[in-house]
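Residue numbers (our numbering), protein chains in the order written: chain A, 5 to 231; chain B, 5 to 231; chain C, 5 to 231; chain D, 5 to 231; chain E, 5 to 231; chain F, 5 to 231.
Careful: at least some of the hints might be erroneous.
When chains are identical, the list treats them as one kind, so a pair holds in a single copy or across two.
[As the list claims (entries may be wrong)] Here are the simulated lysine-lysine pairs, DSS-like style, with alpha carbons at most 27 Å apart:
| id | residue 1 | residue 2 |
| --- | --- | --- |
| 1 | Lys202 | Lys45 |
| 2 | Lys132 | Lys228 |
| 3 | Lys205 | Lys132 |
| 4 | Lys187 | Lys202 |
Calculated directly from the structure, the hints in this document are not laboratory data.
Chain by chain, the residues:
Protein chains: 6
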Amino acid sequence: MVELGVVYRNIRRADSDIAARLGAFGAATVHEAMGRMGLMKPYMRPVYAGAQASGTAVTVLLHPGDNWMLHVVAEQIRPGDIVVAAVTADCTDGYFGDLLATSFKARGAQGLVIDAGVRDVRVLTAMKFPVWSKAISAKGTVKTTLGSVNIPIVCAGALVTPGDVIVADDDGVVVVPATLAQKTLEAAAAREANEGEKRAKLAAGVLGLDMYNMREPLQRAGLKYID
Amino acid sequence: MVELGVVYRNIRRADSDIAARLGAFGAATVHEAMGRMGLMKPYMRPVYAGAQASGTAVTVLLHPGDNWMLHVVAEQIRPGDIVVAAVTADCTDGYFGDLLATSFKARGAQGLVIDAGVRDVRVLTAMKFPVWSKAISAKGTVKTTLGSVNIPIVCAGALVTPGDVIVADDDGVVVVPATLAQKTLEAAAAREANEGEKRAKLAAGVLGLDMYNMREPLQRAGLKYID
Amino acid sequence: MVELGVVYRNIRRADSDIAARLGAFGAATVHEAMGRMGLMKPYMRPVYAGAQASGTAVTVLLHPGDNWMLHVVAEQIRPGDIVVAAVTADCTDGYFGDLLATSFKARGAQGLVIDAGVRDVRVLTAMKFPVWSKAISAKGTVKTTLGSVNIPIVCAGALVTPGDVIVADDDGVVVVPATLAQKTLEAAAAREANEGEKRAKLAAGVLGLDMYNMREPLQRAGLKYID
Amino acid sequence: MVELGVVYRNIRRADSDIAARLGAFGAATVHEAMGRMGLMKPYMRPVYAGAQASGTAVTVLLHPGDNWMLHVVAEQIRPGDIVVAAVTADCTDGYFGDLLATSFKARGAQGLVIDAGVRDVRVLTAMKFPVWSKAISAKGTVKTTLGSVNIPIVCAGALVTPGDVIVADDDGVVVVPATLAQKTLEAAAAREANEGEKRAKLAAGVLGLDMYNMREPLQRAGLKYID
Amino acid sequence: MVELGVVYRNIRRADSDIAARLGAFGAATVHEAMGRMGLMKPYMRPVYAGAQASGTAVTVLLHPGDNWMLHVVAEQIRPGDIVVAAVTADCTDGYFGDLLATSFKARGAQGLVIDAGVRDVRVLTAMKFPVWSKAISAKGTVKTTLGSVNIPIVCAGALVTPGDVIVADDDGVVVVPATLAQKTLEAAAAREANEGEKRAKLAAGVLGLDMYNMREPLQRAGLKYID
Amino acid sequence: MVELGVVYRNIRRADSDIAARLGAFGAATVHEAMGRMGLMKPYMRPVYAGAQASGTAVTVLLHPGDNWMLHVVAEQIRPGDIVVAAVTADCTDGYFGDLLATSFKARGAQGLVIDAGVRDVRVLTAMKFPVWSKAISAKGTVKTTLGSVNIPIVCAGALVTPGDVIVADDDGVVVVPATLAQKTLEAAAAREANEGEKRAKLAAGVLGLDMYNMREPLQRAGLKYID
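For reference, chain A alone in the conformation it holds in the complex:
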C-alpha cells in the first residue's frame, strides 16, 4: 500500500468550486454533513487564530526530521490545492518555514496541513499563509531521504487520498473524499439553510428544548425535574 520514492503527477482532484464552497461552511458544518467522519485529531491547531482554508489535497509522506519531499511536492501544487503532510513516525521538528511558505504561496497553495512541527510562525502569520500543525518548533530538518508525493496517507488519524477536499479553520481539519464532495456540499447547505432563523429565535430567548421539540423525548427517556 505504501510506496516510497514515488511522485504521482496526475491525480483526480475534486471540483475546485465545490472545495471553495465547502470551505465557506467551515469545518464543523462540513464534518456534520459528512456524518461526523473524516476529522483529524483535535491536536491539529492553526498557527494563528482565525486561519481558514479549503482546497484539494496534494499529499506528501515525510520521514522524521527530513523535509526534502516538501520541495518535491511544491512542484505538484496547482492553484487551489492544500498540501497535506504526514510523517512515518511521531516528530515535532519544524519542517516548514517562511521560505517554503513563499514558494507554496507562489504556486497557488491555499495552505498546509502537517502532522509535525513548523517554524517562522511570526512570518507565516504576517503572510497570512494558513498552516495547521501539531507543534511549533525552531528545530530544522535535513534533506536526505525519499518519501512520496500523492499517495494515500494517514494524517493525524485521518486517511487522505490525493484530490480529496480539505476544509480547515479554528475548529480543526476535515477531509472530504472527492467522491462525496458534491453530496457533502448539499448536506452542508441543507444544514445551514435555516440556521439564521434558529439563531434569531434562540437570541430572542426561545429554548432549544422547545425549538427542537425535545421535551417529550426527554420525558420519555425518564428525565425528572425536582423542585
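With chain A held as given, fit chains B, C, D, E and F onto it using these hints.
Just chains B, C, D, E and F, lined up with the frame of chain A:
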C-alpha cells in the same frame, strides 16, 4: 451520590454581587484568598485570550459525545450564572457552538466551563461569549442519553456544587464554595489592598528581598553567596 | 554537580551586543547556526503571540510549588539578562506573576524562561514582559525551601550554564553557550546573507528543486515520477 | 468545602462485609452495577499485575512533594480500610514506600490508592501490598505542610467521601458511595448470576448476536450485509 | 470512503500460512522487512507481557463508548483472523472483556487489536487471549449505534484493509498489506538468515563496527577519536 | 558545549566498587542520599519488572531515528559500565534490540538507559539484560548521521557526565556525579543503618507518628483532631 436523569430546579446560589466582585479580583488572587484550593486543572484554557467571567454555577453532567443535557441546562440558567459541564469519561468532542452560545447568552449566562471540547471558536470569539474548555474540536455530538442538571460534579479535578462561585480568566478557573464566598471576598480584598504600593516600589527597583524582609530568613535557612 | 542553597554572584556573561544581535536572527536561524543543538523542548511556549527576547542567562533552580528563589535571583539580574528557571520535579504551578515581572523589568531583565507555570497572563501581556513557560496556572507558590542561583541547570531538556545566550521567540527557546556565541553569530549571519534573494526567487515561482539543485540528487536517490 | 489541617476521627464506614463482597465482583462488574459512575481515570494503575483489593475509604489530602499526612492517616486506619490519597496539584513524587507499607499493613489496611507516585515497587510487590498510583518515582518527599484526613476528596477525577467502598483491581479503581453499597452489591450479584451460563454458550460458539437477540434491533437500526 | 452501517461478508484474506510464518518473525523483523512502514503507534501495548499473535485482519469501526459492532464482527471471524478495531474519536472505555474474548476465541480469533480500552485483564491473561490496546479501563459501553465491519480503517495511525496480515507482539503491531505479504515474508526470511551467526560473533566480543564494516564510513563521515 | 562527531576514549570513571555498592541500595535510597537531586523523569521505565543495575556511565548522543553511534559506543564499554543514551529530539523509535544487547553484554555492560525506544523486549527479558527506556517500539533505525560518545548529555531531564554512577531499578534512574559518589555512598549507608529496626517496629504496629516524634510538630503546625 451521582443521580442520572434528574434536574434540580431550585439551587441555593451564592450572592450574585459577591460573585461579581470576586470576578474583579481574577482567578489568581481568588485562589490565593481561598488558601490555594479549588483550582481546576491547568489544561482548562479560554478559547480566546483575555476571556474573563464570574458567576454562580449551574452544573450539568454529560455523557461522552452527547450534548443533549446542554439544552436542558439552558432552561435553568438565570442571569449571572456560569454553566459548568463535566463528562462521565474523557472526551474532546465539540459539545457547544454558536447556536447554544446564542441561547445561553440570551438566558443571561456569563460563560461556559466545560471539561471537554467546543467548536465555532471564531464565532464565540466574535460574540465575546467566554468559554473555558480542554479542547477545540469540530466533532459534533448526538442527543440520546440523559445526564443530570444541578447535581454536584467533578470538573477538571475540582468539585463543583450548584450555586458555587466560579471565577475564570486567562489564568484558569477557580471554584469558590457558596459558603466561603463572603470570607474569600474579604481575604481577596485584603490581599489586594496594598498591591499598588508594592508594585510602585518594585517598579522603582526595590527588591522583594528587602520589601518582604526575606534576607534574614534566607540566611537562617542557610543560603550562601559566593563571589 | 548540583549544589543547593548557593548563589553565585559573579558569572561570566556572553557579550551583550552579540546576544542582542543573535536575538535579531530569531530562534530558528540561531538553532540552525548552532548545528541544530541547544533547543528547549517545544512545549515551551510564549505567553503571548509575538513575544521576542534575547539576553544572557542568569539561572535559578526551584523546588516544586516554591518560588522563594525568584526573589533571590532578582537581585542578580543585570540589564540585558534573561532569567532561566528550572524545577527539581515536574510542576505547573504559577511561580511568576505581575509583581515579580515588575521587579524583573525594573532590574533590566529581557524576559523569563521557566519550565513550570506562570500567572497574571493578561498583565504580562499588557506590560509586554515576554515569558516562555510550559503552563499557565493561577496556582500560587510558597516561599520555604532554598534552591540555587547561577548554577548550571537543565531547563526543558537543555543544559543552561549561567552567562549563556538565550534566544526566544514564537518558534521556541535556544541556548547558545557563551563560548560559541561569536561563532554562532557569524554562522547565523552567513545563513541569512542571501535569504532575501532566495525569497524573491521563490515568490516569483522558482522552485526550490531548481534553486537548490535538488533534481539530480533526488534522481540519484531513486525518485520516480509517475504520470 | 475543603478544610486544611483537620483530622476527622469518626467516620461512618460502609459495612465491611459488603465491601468485601463487592471486591469479589471486581471493578468492572461493580462499575456496571453502579450505572457506570464512580470510576477513577484509567491512568490509575496497580504497581504489580494481579493486584486486587476492596475496603472502606479513609481519605487524605496531601500537598505536592509532602507526605507528612500519610503518617497521620496511618493512625486512623482500621482493619478493612483502604487509604485513598489526593494531592492539591499534579505531582508524580514517590510519596509511599516499604516502610509506610509495613505500617499500613500492620494497621490492617487493604491497600493504597494515590493520585501521585510511589516507590520501593519491588518490595511492595514482594509484600503483596496492593497499590494503585499514577506514577512510580524514586523521588522522596518532605514532611512540612498540613493537609487533612477524612475529608471528601477528588482523587483521579472521582469524588471520594470517607467510608465509601473502594473496589480496585487490574481494570481500575471504583468508588461506591456508602449509601449505595448494598444496592450496588445486589445489582452486581444480579449481573453475575448467569454469567457462567453465558460464558459456556459463547465458548460453544453461540454468537452474542443470537444470545442477546441483537439481530432484529441491528436490522431495525439499518445494518446492511453486503456479500 | 467511510460507510456506516455496513458489514462486508466476503473479504480477500491474505494467505493464512504466510500470516502464520510472518508471525514467527515478530513485529520488529516484519516491520524492517516492510521497509519500516505499517507500524501502529507505540502506545498500543499488549495487556500481558509475552503476548504474541498473527493473523488476517477483520476490521470494525466503533463509536465512542459503544461496542455493539464487536458482536457483529464476531460472526465474521474465521479461524486465523485477528480483529482490528478503530473508534471514530479518542476513547479509553473498556470495550472488550472476558465474555467477548470467550466468543472470539470460540470463533477462532488469534487476538484483538483495539485503539481504545479493554477490561477483565486478569481473565484475558489467564485465558491467554492476546489483546493490544491503548488503555485498560473498567468502564463498560452501550450498544446503540451502528458502525461498520470489514471496511478500511485507520487504527492507531495505521491504515488497515480487511484481509491484511497483522503481526503483533511485545514490540508492537505491524500491518502487512495482503498484496505485500509474500514479498515481506521473503524479505523477513532473508534478514533472519544469518542472524544466528551474527549473534554468535557479537557474543564472542566481535564489534558491530567490524562485523558491519562501519569503521571506514564513520571515518569518511568525519568521526574523530580523542584520547 | 555540544560537539558532534567526536568520541572521547579516556574518561574518568567513578570507582567501580562504589558504583556496585550504590546499586545495592537502590534508586530511591541513593536519590535521598544525594539530597533528592539527579533523578531522571519518571517516564523512564524498565522493560521488565525487577530490572536492577548500577555502573559507570558511558554516554552517547544520537539523532532521531539513527542508531549508528550505538555501535560506536559499544567499543568504549568496559566491564561495569552502563550505556546512557540521549537523542537530539523526542523520538520513540526502537534503537536497540537483541543483537546490540548481545554485543553490549559481551563487552561487560551492566545495562542501557535510553531516552527513546527499544525493541526485542521478549529477548531482552530472557537475556536478563536490563534496559530503561521511554518507549517500546518495533520501529528500527538507520545508520547515517554522526553523534558523539562520552560527552556530557541531558538524558530524560538529567545531566549525565561520562564516568558518573548510574543506579537504576523499578523505581527509576538516578545519576550520581563521580565526585559525589563516595559521599553519597556514606549517606546512603547511614540512611539504611537502622531501617531494619524501624521496619520491625512499624510491623509491630508502632506508628510513624510516635517513632519519628511527629505529634508535637504536627500540633505546633496547627493540626486539629475532630471527633
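Exercise. Report the numbers of all earlier hints that the structure fails to satisfy, in ascending order.
Key: 1 and 2
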